[in-house]
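Participant: Protein chains in written order, with the working numbering: chain A, 1 to 353; chain B, 1001 to 1353; chain C, 2001 to 2353; chain D, 3001 to 3353.
Honestly, the hints are just simulated from the structure, not real lab data. It is possible that part of the hints are untrue.
[Claimed, not checked] Below, simulated SDA-like cross-link-like pairs (lysine to any residue); rule was C-alpha separation at most 20 Å, straight line:
#, chain 1, residue 1, chain 2, residue 2
1, D, LYS3221, C, SER2186
2, A, LYS221, B, ALA1151
3, C, LYS2221, D, LYS3014
4, D, LYS3014, C, ASN2216
5, A, LYS213, B, ARG1353
6, C, LYS2014, D, ASN3216
[What the hints assert, rightly or not] Rough simulated footprint, nothing fancy, chain C against chain D, three-plus residues with beta-carbon under 8 Å:
#, region
7, 3010 to 3020
8, 3040 to 3048
9, 3203 to 3209
10, 3233 to 3244
11, 3337 to 3351
No residue lacks a Cβ here, since even glycine has one placed at the ideal position from N, Cα and C.
Number of protein chains: 4
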Amino acid sequence: QKARDYGVEIGVMKTGKLNSITDVDGVKVGHTTRVEGTTIRTGVTAILPHSGNIFQQKVPAAIYIGNGFGKLAGISQVQELGNLETPIILTNTLSVPMGIQGTVKYTLGLEGNENVRSVNAVVGETNDGGLNDIRGMHISESDVIKAIESATTGQVQEGNVGAGTGTIAFGYKGGIGTSSRLVPKSLGGYTVGVLVQTNFGGVLTIAGVPVGKELNKYPFKNAIEKSDGSCMMVVLTNAPLDARQLERIAKRAMMGLAKTGGIASNGSGDYVIAASTAESMRIPYQTRNTTDNGGVLRNDEMSALFMATIEATEEAIINSLFTAQTMTGNGRTVESIPLNRVISILKSYGVIR
Amino acid sequence: QKARDYGVEIGVMKTGKLNSITDVDGVKVGHTTRVEGTTIRTGVTAILPHSGNIFQQKVPAAIYIGNGFGKLAGISQVQELGNLETPIILTNTLSVPMGIQGTVKYTLGLEGNENVRSVNAVVGETNDGGLNDIRGMHISESDVIKAIESATTGQVQEGNVGAGTGTIAFGYKGGIGTSSRLVPKSLGGYTVGVLVQTNFGGVLTIAGVPVGKELNKYPFKNAIEKSDGSCMMVVLTNAPLDARQLERIAKRAMMGLAKTGGIASNGSGDYVIAASTAESMRIPYQTRNTTDNGGVLRNDEMSALFMATIEATEEAIINSLFTAQTMTGNGRTVESIPLNRVISILKSYGVIR
Amino acid sequence: QKARDYGVEIGVMKTGKLNSITDVDGVKVGHTTRVEGTTIRTGVTAILPHSGNIFQQKVPAAIYIGNGFGKLAGISQVQELGNLETPIILTNTLSVPMGIQGTVKYTLGLEGNENVRSVNAVVGETNDGGLNDIRGMHISESDVIKAIESATTGQVQEGNVGAGTGTIAFGYKGGIGTSSRLVPKSLGGYTVGVLVQTNFGGVLTIAGVPVGKELNKYPFKNAIEKSDGSCMMVVLTNAPLDARQLERIAKRAMMGLAKTGGIASNGSGDYVIAASTAESMRIPYQTRNTTDNGGVLRNDEMSALFMATIEATEEAIINSLFTAQTMTGNGRTVESIPLNRVISILKSYGVIR
Amino acid sequence: QKARDYGVEIGVMKTGKLNSITDVDGVKVGHTTRVEGTTIRTGVTAILPHSGNIFQQKVPAAIYIGNGFGKLAGISQVQELGNLETPIILTNTLSVPMGIQGTVKYTLGLEGNENVRSVNAVVGETNDGGLNDIRGMHISESDVIKAIESATTGQVQEGNVGAGTGTIAFGYKGGIGTSSRLVPKSLGGYTVGVLVQTNFGGVLTIAGVPVGKELNKYPFKNAIEKSDGSCMMVVLTNAPLDARQLERIAKRAMMGLAKTGGIASNGSGDYVIAASTAESMRIPYQTRNTTDNGGVLRNDEMSALFMATIEATEEAIINSLFTAQTMTGNGRTVESIPLNRVISILKSYGVIR
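Bound conformation, chain A alone:
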C-alpha cells in the first residue's frame, strides 16, 4: 500500500489514476528481482518511455546530477544530443557493465537495428552492498533483457523489487517507489510520472513531519552516523519538452528529494533522468527531413510542471518506504519503516486526520 492509502497527502496537485509513472501514456516498467540464497538481494528495473523501437524513435531527454558519486552510464551523449535511445535501466553499482551490455544486445537485436554499431545505454545504479553480495556481480545480461522484455503498462510493483530489492533509505528498507501528478487542464493537462530507486539517508521527513527526528534516527545525531547512499529518479511526461526544458524539470526532482529529508551526502549518487514521451517530439533515427518536429512548450508554461515534478518525486520516495518490506541478506537485517509508529507520529502532527 502506498502512503496515500494511509491518508498521507503530499502536495497540492492531483495524482494520476494509478499514482504511478505509468500514468504517462505508453510508459512501461519491468523488474527482474534476484533473491537467492542468503546473499543475493538485487535486481534490475527497466523503464520504457514508449512501446516502439526506442532506438529508431528516440525521445528528448536530459540528465541532471544532484551529487555525482555514482556510475550512471550514458550521461554525455544524452546531454550532447538531447535524446534517449534505449530503455532506462536501474540496477546495482557493480552491475552497470552488465546493465549496458544487456541493453546494447537488446537494442542490436531489435528488428530494424541490424546495422546499428553504436548504442548509448542509460544505466543508473545505487549500491545495495549492505544486503546484497555486490562484489559477486550477480546480475547478468539476461537479467537485464528480461526486465526490459517483461515491462508492462499499468500497475507498477514497488518496494523490494527490481533494482530496489536490496536498497536502504533513511536507515530503513528502501526500494522502488512511484507517483504521478496531473497538471490542471487550463495549464496544459499534462501528466508527470516519477519512479525512484531509494538508497539514501537524511532526516526522514514525511509530508513535512520530521519522522526521523521523532524516531531518533538521523545523521550526525551522535556526530558519528553516516548518511551516504544514492537515489535514482526517473521523470517522464507527455508534455512536449525538449532537452533544455527537460533539464530544468530534472533539477526539480532534487527539490522533491530535499523535502523527504535527503541531504545528497558526499557519498550519494543522485541522478535524475527526464524524458518527454510526447509523440510530436519523437526523434527518428533515420528520416529524409532535415529538421525535427517542434512545438516545444514555452518557458512561461513550465512552472506547473516543475511543481508536479517536485511533488511526484517526494511522494515516489515516500512510497518506496511504505511499500518496502523488512529484508535479511548478506548477514544483515534491515527493517521496513515501523508503520504503526510512523502513522501515529503523522497523526500527532495532524498530517493524517
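Please build the complex by placing chains B, C and D on the supplied structure of chain A, with the hints as guidance.
Facilitator: Okay, now just chains B, C and D, sitting in the frame of chain A:
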C-alpha cells in the same frame, strides 16, 4: 524577531550565537535602504567575507544556479578562477549595473589597488518591481559604496532592509533573512552562515507545515496564480573549502529553499554564492609563491556541511518572512505573514509546543 | 583590406558576399568609437540579430565560455531560457555596467516595452587598458545607445573601431574583425557569420603559417612574456537552431581561435555568443500559443555548420589584424602587423601564391 | 617513426625525452591488440598515472567533453569528487561494458581493496566498426586486465595497437599516438604528456599545412562526405593541479585537436581526461587527516601548461597518423597516410626544410 524566537525549530543542528551569517568569524553585512516618497522601495545589501582588501586577499568561491532567470553579475570569472575578489552585492534587477559600477569604483579606490584594471564584481538581484518603481533605476553608485562601507560584524538587520526592502515571498512581504549552523566539534566544528534575499513563491512551508495550503494561498490553486520570483542565497563558512567543494555546498542551498515550498518557477532567478572565509585558503593577488595554500577539506568530511547549509538556508528564508513588515509602495500593499494565524497553524501541527 | 584581399585563403568553404557577419540576412552592426585626447581609445560595438524589437521577438541563443576570466553580462539567463532579448554589446572591461545600463534603457524605451521590468542585457568585453585609460570608465550610456541605433546592414567596419578601438592581439594592434561562410545548398545552404573583438595572445598563425614564430614574437619564448588577453566571438546563423544546437556551434568558435595560435591563457576571457536569426525560431515575448515554433535542425545536419563556424571565426580573427592600424594611446604605441613582412612570410610558405 | 623523425616540428616548446606520455614520471601504458581472422581488429589501451594502487592513492582529475556523442564511462564521479581511482582504459564503443567490468575486477582484486564495494572505472572509446566487427563485442574482461597488467614505463607503442588497432582518422589509418612537452624551468619545469586514440575527420592539417586539401580528401568537398568519428585524449602532468585546474587543461586539448583540422563533427565523441601525477596531490582512500594536501598551482602559472597541452595534443594526433599502418579488416582496407606525398607537400610549404 526570528522564527526561532516564536519556538519554531528548523532541522536538527545547532545554530551559531547570533543565528546569523555573521556567526562566521570576520563576516560583515551592510545595508542601504531606500524608502522614499510613494514609489521608491529598494536598497542594497553588501556581504563581506572578511575585513581586509578582498581584491588583494581573494577567497575561494563558487556560484550555483538553481534557475537562471536572473542577471547576477560575475558568474563566469568565479567559476573559472574559483575565487571572489569583491564584496557580494545584492540589489534590484535593474540596478545591477550600478551595483557593478559601485563595487568596481570601491575596489579601484582601495589602498594597494592603484594599478588594478580588472575587477569582477559579484552582484545579485531580485525584482522588486511590485512595490518599487524599478524602471526608475533609483540605486546609485554611492548607495552601493555606502552599503559596503557601513558593513559591520555582529547582529544583522533582517526583513525590509537593504536589497530586501521591496521584495515579496509566497504572496507576503519578503526581505533579508539570515541563519547559521554549527557543525559538531567531532565533525570539524565549522560554522555555516546563510543570508537570503527572498522574492519568490510556492506553497509556503514552515518547519514542514504546509502553511500556504492552510492559508489557502499557493500557486496553481485556481490554475491561474503565478509564483514567479527569485531568491538570492549567500553561504559563507570558515571550513577550508576550495571552489569545487563550495559548488557542492552551493547546490545544497537550493535543497533548503525546496523545504520552504519554493519551486524555482520559470521566472525565478535562484542563485547561490558560496565562499570560504578560512584564512588558510586565502588567494593573494600577488605573491612570489607559485602555489596557493592547501589543506582542503576531504570529500568524506563534507556531508555535515551539506546538512548545515540546507538547514541554515531553510531557516534564513523563514526568518525573512518573520522579520518583514507590511509595506506599501508603488500603489500596492503587501502584507507581512499573518503572524498570529501562522503561529496558531504551527501549534495545531505540533511544531510549536 | 581583409586578409582575403591579399590572397590569403582560410579553410575550404565559400564566404558570403561581404565576407561579414552581415551576410546573415537582417543582421546589423553599429560602432561607437571614442578616440579622444591622449588617453581615451575605446568604444562600443553593437550586433543586432534582426531589425525588429528584439525583446518582443527573442532569438534562440547560447553562450559558451572558452576561458572565463571575463565579465560578460547576461550569461545565466541566456543559458536557462535559451534566448537573447537584446542587441549584443561589446565594450571594455570596466564599461560593462554602462553597457548594461545603456542596453536596458534602450530596451525599456522601445515601443511596446512600456511595462517591461526585467531585461537581460548581453554585454561582452575585453580589456583595452594598454592603450586606453580604462580606469577612467569613459563609456557612457549614450555611447551604447548610439552604437545600437547607428547599426546598419551591409559592410562592417573592422579594425580600430567600436569595441576594438584599443585592443591588442598577438602583440600587434587587434580590433574588430568579421567573416562568413556559406554551407553548400545540398547541406542546407545556410549562412554563418562571425564577428570578433580580438585582444589576446599566442603564436600568431595565419592560414597555418607560424607567423609569430617567424617574426620571433610569441609567448614563453624567453619564459617571460605574457600572453593574456581575451577574445569575444559572436556567431550568427540563419539555420534553424535551438539553444542546445547553438551551444554546440559556440564551442566550435574556440576551435577557430585555436587555429590562429590562441591558447586561451589564464587571463583570457574567451566567450562565444551564438544565436539563430531564423524567423521560424523567433520566441515572442507574449503570445496566446503555449508552444514555440519548431523545426529545429537535426543533429545529423550540424557538422557543416560546425566547420563553417570554425573557418569563419579563424578568418574573422585574422581580418581584425589585417584591418587594424597602428595606434598610440595612454603613453604606449602598438604597431599593426607588419603587412609586408607577413605577406612575404606567407608567400615563402606557399600560402599566398 | 614519429612525425618529428621526419623533420616535422609542431609548436615552439621542447618535447620530453621520449616525446611520449611516459615522459611524465611514473606513468605506464599497456596495450592488448586483437588482430584475428578477417574481422577482429580491435584492442584495449591502459594508461596508469602511477605504479601504486590507484584506488588507495587517487589522483586529482577532470574530464572535458568537446563533443559528447560517445559512451565514456565514469564522467560524473570524476567531476563530482575531482579524482580518478582506476587506470584509464580506452577501447571500442561496444566494449565499454567489458572495459568497466575488467577494470572493476582488477581493482577489487588488488591487495588492500578487499572491502571495496564501489569503483568508478574511467573507460573511453571510439568506434572501430569500419575495420572491426564491432557488433561481435570481442573484447573480454581479461583483455582489459591484460592491458593494465602489461603496462610499462618507457617507450610507448603507437599506431595500430591497443585501442587504436582498428581506428580511422581523416580518411587514413589512425591509431594511438603520443607526445609530450616540457615547460621551461623558470615557469615551473613541469612535464605534460598526451596520449590519443584517433578516429575522426576534418581537413587534415600537419604543422599548419592543409595536407587534406592538397590530397583532395576532406569533408563537404562534394557536399556528401561524412567526417564523423571520435578522439580520446588523455593528458597527464606532474604539475600540482587540482580538479578545477585540470578541467582547464583538458579544455586546451580540444584546441590542439582543432589545429590538426578536426571539427568535432556531430557524430564525434571527443573526450579529454586530465590528471595530475604530482605526489603532493595524491588523495588517499583512507587517512586520519580531514584535509588533503595542497599547494595547488596558482591560476597565474597555468598559461605555459595550456600551451604545452595544445602542442602535445596536436603532435600526438599527428604521430598516430605517422605511425599507423595500412590495415585490412571486416572487408575493408584503410591506407596509412601516403608518407612520401605528405612529406613532399610539407616540404613544398617549407615546413620540412
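Participant: Look at each hint and say if it fits the structure.
Facilitator: Going down the list of hints, with the structure as the test:
no.	hint	result
1	D:LYS3221 - C:SER2186	11 Å, holds
2	A:LYS221 - B:ALA1151	36 Å, violated
3	C:LYS2221 - D:LYS3014	11 Å, holds
4	D:LYS3014 - C:ASN2216	16 Å, holds
5	A:LYS213 - B:ARG1353	15 Å, holds
6	C:LYS2014 - D:ASN3216	16 Å, holds
7	3010 to 3020	holds (count 3)
8	3040 to 3048	violated (count 0)
9	3203 to 3209	holds (count 5)
10	3233 to 3244	violated (count 0)
11	3337 to 3351	holds (count 4)
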